[in-house]
Amino acid sequence: MDHLDVLESRTIYVLREAFNKIDKLAMLWSLGKDSNVMLWCARKAFFGHVPFPLATIDTGKKFPEMYAFRDRYIKEWNLDVVIAGCPPVEEMDPSLPPAARSAARKTAGLKAIVAREGYTGLIAGIRRDEEGTRAKERVFSPRGEQNTWNFRDQPPEFWDQFNTDFAPGTHLRVHPLLHWTELDIWRYTKRENIPLVDLYFAKNGKRYRSLGDKDITFPVDSDADTVDKIIEELMHTKIAERSGRAMDHEAEDSFERLRAEGYL
Amino acid sequence: MSKVAEPSIQSVPPLKIVIVGHVDHGKSTLVGRLFYDTGTLPDGRVEAVRAMCEKRGMPFEWAFLLDALQAERDQGITIDISQIFFRTAHRNYVLIDAPGHREFVKNMVTGAAQADAAVLVVDAREGMQEQTRRHAYLLHLLGIHQIVVAMNKMDAVDYKEARFQEVGTQVRDYLAGLGIDLLHTQMIPVVARDGDNIVNASSKMPWYDGPTLENALDELQPPVTSLELPLRFPVQDVYKFDDRRIIAGRIESGFLRKGDTLLFSPSNKKARVASIEAWHAREPIIATRAGQSIGVTLDEQIFVERGEIVSLASNPPMLTNVFRGRIFWLGREPLVPGARYKMKLCTGEYQIEVEKIERVIDVQEMESNEINHVERNAIAEVVFRSRRQIAVDPFEHNMFTGRFVIVENYDIVGGGLINMDGYADQRQLGIKSTNIFKVEHRVPLEERWKANGHRGGILWMTGLSGAGKSTLAFSLEQHLFRRGYLVYVLDGDNVRHGLCSDLGFSPEDRVENIRRVGHAATLFARAGFLVLTAFISPYRDDRDRVRAIAPDVFHEIHIDADLPTCETRDPKGLYKKARKGEIQDFTGVSAPYEPPAAPEMRIDTAKYSIEECLAHLDEYVATNFAITMR
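Just so you know, the sequences run in chain order A and B.
Per the numbering used here, the very first residue in the first sequence carries number 1; after that it's consecutive.
Per the numbering used here, the very first residue in the second sequence carries number 265; after that it's consecutive.
Derived by calculation from the structure, the hints in this document are not laboratory data.
Just so you know, even glycine gets a beta-carbon here, dropped at the ideal spot from N, CA and C.
Incorrect hints may appear among the rest.
With a straight-line cut-off of 25 Å between C-alpha atoms, the simulated BS3-like cross-links for lysine-lysine are [as the list claims (entries may be wrong)]: (1) A:Lys190 <-> A:Lys44; (2) A:Lys44 <-> B:Lys504; (3) B:Lys280 <-> A:Lys238; (4) A:Lys203 <-> A:Lys190; (5) B:Lys504 <-> A:Lys21; (6) A:Lys229 <-> A:Lys190; (7) A:Lys24 <-> A:Lys44; (8) A:Lys24 <-> B:Lys504; (9) A:Lys203 <-> A:Lys238; (10) A:Lys75 <-> A:Lys190; (11) B:Lys522 <-> B:Lys504; (12) B:Lys534 <-> B:Lys522; (13) A:Lys61 <-> A:Lys203; (14) A:Lys21 <-> B:Lys522; (15) A:Lys75 <-> B:Lys504; (16) A:Lys190 <-> A:Lys61; (17) A:Lys44 <-> B:Lys522; (18) A:Lys24 <-> B:Lys606; (19) A:Lys111 <-> A:Lys61; (20) B:Lys504 <-> B:Lys534; (21) A:Lys24 <-> A:Lys75; (22) A:Lys238 <-> A:Lys206; (23) B:Lys522 <-> B:Lys533; (24) A:Lys206 <-> A:Lys229.
So these bits of chain A aren't anywhere near chain B, every CB distance computed over 12 Å [said to hold, decoys possible]: (25) Lys24; (26) Ser35; (27) Gly60; (28) Ala68; (29) Asp71; (30) Val82; (31) Pro88; (32) Met92; (33) Lys111; (34) Arg134; (35) Glu145; (36) Ala202; (37) Lys214; (38) Asp215; (39) Glu241; (40) Gly262.
So here's chain B without its partners, still in its complex pose (with noise of 0.2 Å):
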């Protein structure tokens, strides 16, 4: 490695690296020694570790460098994350050392949370271990793909080459099976007490030709800057300096100019930038870029305030009040279903309810549990649910904005990145018609419903696929037209042909579907008709939209079965076609099915015949309709 200039080095961000492992596996020591061997420790510092280590009567130990706690160092375990500074000919660093212990995985996240790369350690003797395995996982979970294996105390199995690779098909194994590049894992055999392979070749493995750990490490790639993403820019503060209105926060990813419109998000207003401020800049300022801490005025004295975001029109995140977290769980107290929390997302604040454990995540086996709550130090995918609308990026496509924490009483319990596979954006691209005015009719709605015999309405019946929606209404649209009712289906199948061809399956497809099915059954219910509909209609949300454009006459009825029995009915043939991957987005098999909270009506078709199903229907439409002639 040729020696880099000096100011360069001093001029770029150190490369963060969290040192992770097994509890005993060797990770202090490694990184004690690779201080020593580097040249980094201040002088005295190895003699104060020594007389430390007399007066307890113990040989050496390198990891009294970092573990400066007394209670570390007298029960030879780390505690608590140390961060110190190391540099090398190539570049500076910051050495994250993380602890091992079950009991100290918060600590662990900490530090792992802000590297940009790790070191694995993983003893020779033992193997891959309960925490190795978590640590690596945790690893993944949190977007670190750079991964240093340091294979260590390679001097307790007499220094063997076939050792060495057994144990590294092990970590490679599981690492793979995360999903992580190996092609970018350097493995490396390492005694860090004695210092072989950490900066000095070991001459004790000459079967070993790869790098040093010093080598390998300046090998490893800087962080990749978000400038190329989309402007995320959360409001931090206003501030009211000087008759100036300051917008303040830090630039997550992309720019921000003089100049440009900004939606703020999730309030959806508008404005223009019309000063970027600063104290003591070397000139104005006429744009910003990711990373900086920043303040701009509006051209217009808009309310914003903190924990918005800040986007450009032309891409903003999306909204939404619904979403899965794959989630790390710190909480002394499990997670379960119901239960509420205050969450953190870049420095907005929203309260959240867990509304779904879809599955929790052994790390030892890979596998996920169908269980229902989710235990200290688990990972677990978790769909939450807020009352007010949060904008969010998925964390693949913007990591800063993905990504959040949960509070409960005066804890951080856990953290998570944001999935929205099968979630819809909720934004409301606003009303583009304008000039309309809402007429009213001449013949009041109280009139038709005399003439008629029994109001107008709206039963939306909703339900998976194959729950029976179909098959009910049409049995009760024919029962009812029997009875004199005015009355008319509106169905999935049909409406598609026609009022919803232009549109297919996606998330926001079939918010537009339930969107346009929504007013067209106002419209048939405000001509006094009472309206069934079928449709799967699997955002909560949707339905909600819909029944607050007729509150007065929109009933839900939830049409219940469980996956398996509609998956056995099956009679369009579906569910099978879904499970071989020929469809995407199908609810229940590849998209979330949210059931109603509180319908006016469930009917379960798992558990009843038709014709109950039909009774209980007759029953409550003569109770909510029918009125009685005099």
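Just chain A, with the same shape it has in the complex (with noise of 0.2 Å):
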């Protein structure tokens, strides 16, 4: 097995433990490239199936050719989506700065959907490599009765051996893409033909190479316009992969923030 068919079938094994495990479960679809992979072994791992529904958070604010996008698959791929609203900024933390202000909003919208649906597990599409506190996240991590990441004392995991039993009020996520990095994407959306939103091609010398709201997520340099010449860049860049997050960037830990009180 290659590196690609390791990372796959581990995946696979997460989804399915996932399924088997957990009664209300639902898979973030936020139509970037990583969630685009895992819904790809989603239906690899059920046999051309996706056997929970899909939950995408709406701020109102992704690009048109994101929305483009999602219609598009639903009918193509016959898939169960089910799009969540979020609240207005001005009800977001004001102590917050702004970037991460309007995020927050994302975190809202996700808290209400899990209280509405009732959900006890969701799968997210989040990469160690992306960030420093995701590099310390579990595959299947617990969350509090606010959502809340207690990352000071997470449960053990090994073999994998997933703690898949919580007091009640507490619900899962799922991350069966934690041991890939943003090159394996790319490389494996190659490999399978997996369809892109077409804003990660360069046009004019920019393209986005992490999509998020229009209002917070900038473009790079970069003349990539094809997944190969994307792979060769990603193989000499040193441009982190989420510079181009606003709300990554504006304090010491407000990202670290965010994430304790639930954002992906």
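Assemble the dimeric complex from its two separately framed chains, guided by the hints.
Given below as structure tokens:
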């Protein structure tokens, strides 16, 4: 088995564990490159089916290309998608820096959909190489009643024995892509020919490496307009993937605070 | 090290390295520096760390690259593992930075359990400390044998070779004591903070001519594949999609091919692979191998469920409901005998009970202590028992099916490796003889009893060698015979001269020995005899199986004497031989004895004389077997 086979097999294993162990399960589909790989692996895990709903947290401020992508593949792939709205920014914690405050709307939207649908588990496509606090995540990560992440006391997790027994009121975040890197995502996307939102490909010397809301996500300088060129670019770049995501950088711990409160 | 071709670097899974060692010996600093020196860090990361340090009014701290949590930076400690990707010209790596504090052992184990190799960081000033030892022991326990020792803070000992050698000997002695092959253990003097011997060779230690840390990592071997091992395919789930019933799971070892006849354990069911299913496969699949998450359909609709382990019939896992685990305990409450937990082994879940704590290992002194509880973060050997049979392999045969975790309430509280030394495979191989019908006797059992004046039955005496089974059985036989009983002793030595002369003393042979004796005793009992048996019969399950043949007439008598007493008696000189290693698998010395949980009677021969014991037995027989003549 080559590296991509190993990554895919483990992701499938994690998805099957989540499906077997969690009663009310949903997968977060952000329409980005990682989410699409995750969804692809789910279709492999369940032999062409996706046996749980997909939840899309809609801030109303995504790029038009993303909405078009969503609507197209809901039909083509016969997906069961729940779209969750977000409260206005005025209702967010005013002590957060501006971009983080804007990003916090997503957390609030997420909490609302979890409460409304009664999900006990959410599958999310975060990766360890994206950001320092994500590097410390577990595959099955318990969240408290307020969706909070207790990073000070995480359950042990080894030999792919995930902690799936939790006290009432807890829900689980399941992370089947933790062990992938950005480069892996692109190589796999190429190998499997997985469709993508066009914004990842360079136009006029700029492209998006990471997609979020249009007011707080910025493109990077790049001429990579094909998957092959993106892979080539990533092998040499020293620019961090999330450098275009404003809320990561406003204060030393702004992203950590977002995550502790339930942000992905 | 020559540069390896880029496509082959990218197609090989990264080597996973865990960084372990005592608190403040410099693990996070070492990782931060390794990142920086290999050019792995994205732009701006070092500047960001510099800003964090300036804000706190402290010198530059490499560890901040990894200690991503505010609390970690504020307290200067690593709370939880980070996994970070990095590469050299040779290959890709995942570095797992583990915490050194004692209270975070669960996080350290979480990191180490998934590693292929380890870097053990030791402070050159302090030498081996408690967590250095504990971490080294845990590495050994988890089966990690490739260890690079980075002796850090060489600047604090004036870069002296003598100190490097001195601490090096400490480390080597400890690792050698664990049985780790030192031939492949590199020891490197480094100053992580300044980058000496991390990627660049140090000019401050001209006496050292070995590899840098980066070179040493590149020399490590990739993990061995489990393709050579027998097929083990734990069932993860059964799906019903599009009229197909798909058995899904990941193959942990070996190969599985279309057309193979699969054996499911513990249910012992069999079926053939009709198809290997896949979505979006490039071509039809006829064979799969270790590591792959697959799905198969079967030619028969047998009922199988999550947790069963699939193998080929020619090489199945063992079945047992008793096993020994070498465990590391992470629970807040100590583990004690009698406690019940949930065990997870691969995808299976079982209720288990702690039968016995055999020893608790002191990682400092490497001694084992005879204490009856296992505290948090301790390592111990424990015997567990479950009601249901479990399919297992000893860890040394197959790491995937030979390890388990323990769950209490909502938490994983420990992990362990299975050791089956002295325990038998309980798989029932099935009945070979066919067309056999039970014949009804024309003499009813009750008539035989009436004629004899007593009921028939089995007094099954079990106990250690030297406990007094034969002595008591033959004395009781003589006594009862004189009182008119139809009574006969089946004795271990006698049976092994004839009925069981083809059997040795391996766990499997012992199981078969007891099975035959059980059936012979039952035939005697059905003939109206009172049968006295004198067999060590060390396994509880074997005795339970004999009871199951004839539960109405089976009486289990525990002839009990402590091991020292039995050894002192040693009527046949067997203990002496066993202690010298001349006899393998000797019960009580090199093989387990499982005392009855609820015997009908217990006779303590260490405390009471033979006459007193006989009187007890006589009374028991009178109460349970005598029929008063009218």
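Exercise for the section: Please name the hints from earlier in the document that this structure breaks, with their numbers sorted from lowest to highest. Expected result: 14, 16, 34, 39
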